[in-house]
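Peer 1: Since chain F is already given, all that's left is putting chain W on it; use the hints.
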Amino acid sequence: MTFAVEIFRLKKTYAGGVEALKGIDLTIEPGDFFALLGPNGAGKSTTISILCSLVNKSEGVVKVFGHDLDTERNWVKMQIGVVPQEFNFNQFEPVEEVVINQGGFYGLTRQKARARSALLLKQLGLWDKRKTMSRQLSGGMKRRLMIARALVHEPRLLILDEPTAGVDIELRRGMWQFLSDINAAGTTIILTTHYLEEAEQLCRNIAIINEGRIIKHTNMRDLLNTVAQETFVLYCNRPIGSMPIIPAADARIIEPFVLEVDLVQGQSLSDVFEVLRGHGIEVLRMKNKTNRLEELFLKLVNQSNEASQ
Amino acid sequence: MSRYSSERELPISGEYAKPSRGLSPVQMWHAFSMLLTREVLRFGRIWVQTILPPMIMTSLYFIVFGHLIGPRVGEIEGVPYINFLVPGLILMSVITQSYANVVSSFYGAKFARHIEELLVSPMPHWLIILGYLAGGVARGLAVGAAVTLVAVFFAKIQVHDFTALILVMVLTSVVFSLGGMINAIFANSFDHISIVPTFVLTPLTYLGGVFYSIQMLPPFWQQVSLFNPILYIISGFRHAMLGISDVPVYSTYLILIAAIVLLYGITVFLFHRGIGMRG
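Protein chains in written order, with my numbering: chain F, 1 to 309; chain W, 1 to 279.
Here chain F stands alone, though its shape is the one from the complex:
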């Protein structure tokens, strides 16, 4: 199979001697929605910048859809659209021109670039702002502009470096839907984000990078299944006077009507419900308090840090 991205023993040492990547291996399948997570300074942006040709690698092999970055760099660039972390468009150009120009730089005719720009600006809710100077857009609009610009040449691989940073929750959910649709249409997506809920919702596969090394590279579902303990918040139909004894589960009363229960892997919530029902308590609704990916992320990074000390 030809992978969308293949990275082999990738190393990067910056001029100041900082070793950002210490030989990472990574494969991403075509059509994947892939999360690349890691703490600040772990090497995520360096990896992405190397893929996008914004940073020169020190060692290693990078292939995109089977084409080597070293020997077919311009072909590889044609396959990639990138949404960087920082705003990097010309703030003195109108919104529409930012997208059209980028289309041109990928070889589109002005007519084609204009048509693609119109489609994307409409889809991303920026059509009314097309004549506005891009510096006058709000933060969320600027992020959407960068997504439109990255997609103008219909890339097969879209790289999103914290695309929803500073975007309000409503807009963020809209962007998630848009990105899911793009992915469903066949575009491979690599996402880095600090919103782990975002990665959990969108991504099928995941790699966690820490101190320039990949410490986990797996399927999102498999990873989440390794969560050892989860905490559920239960909203009950009547005040809970005293704490019923729930075998093998740690439960506590938070508010008169609210109960919090810790369950370890393999335990069933049905057991908890049965005990409560025995005491005449019905659960009206519940939520999972634990951000499972966040817990795992912190655990893996801490383990990696301890191992390297």
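Be careful, since some hints might not be right.
[Said to hold, decoys possible] Within a straight-line C-alpha distance of at most 30 Å, the following computed DSS-like cross-link-like pairs (lysine-lysine) qualify: (1) F/K112 to F/K129; (2) F/K129 to W/K110; (3) F/K216 to F/K287; (4) F/K142 to W/K156.
The hints are simulated quantities; they were obtained by calculation from the structure and are not laboratory data.
Peer 2: Relative to the frame of chain F, chain W by itself:
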């Protein structure tokens, strides 16, 4: 499914797809014309800062040096002083504006990071360089034309060799556009993009025979002036307009072509290594 391995000895799949190139020649043309249009629109939008000042400056030179001081100078090599000034003033504007266009546009793109739009695109380095050069040449020629228009009101415009006139003007703007690009690549602050124009370009231009013929200098300073490459360019342009020159005409083309080859080579090298652009 994707899996991590640290044990592999070879690239993961070992498979390479059929080699493929980047943009086709037609696509390259679209990319180039888009970049050139962007550059022309950039300096066109701010014409009050880019086109107007050299016109005003040239008018002042004609008034002060041409009309007020010129009659006292008389003729130089059989040409009235005000007419003698015309080629130098036109070419001085071409030099400064070509340089200024590329240095400010390219450094501005670096500073605001929208240079990344080009660096992530499949445009080959030479095409990006060509796009910026074309923008510099466009501004150089636009200002050259505007200054010539101003000169019409003050002096008699003569053309001795029209082809040479266009050729020298275009080659000159290519040379100084390349100079501006190299300056912008190395620049880390806005101060750095004004150092070369202020401390190198302006003195060399003023001492390059814009306002005088080196025949008017003592022999020692005549010899010193021959080390100034801008003298050859201005002399060649003056020959194209007035038919007079301080140096052999072929030397103008030698200097210009040698400068283009050298500066282009340096620019391509800097792009290839990513100096000042990529980490």
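Peer 1: Return the numbers of the hints above that this structure violates; sort them in rising order.
Peer 2: Hint 4 is the one this structure does not satisfy, whereas the remaining hints hold.
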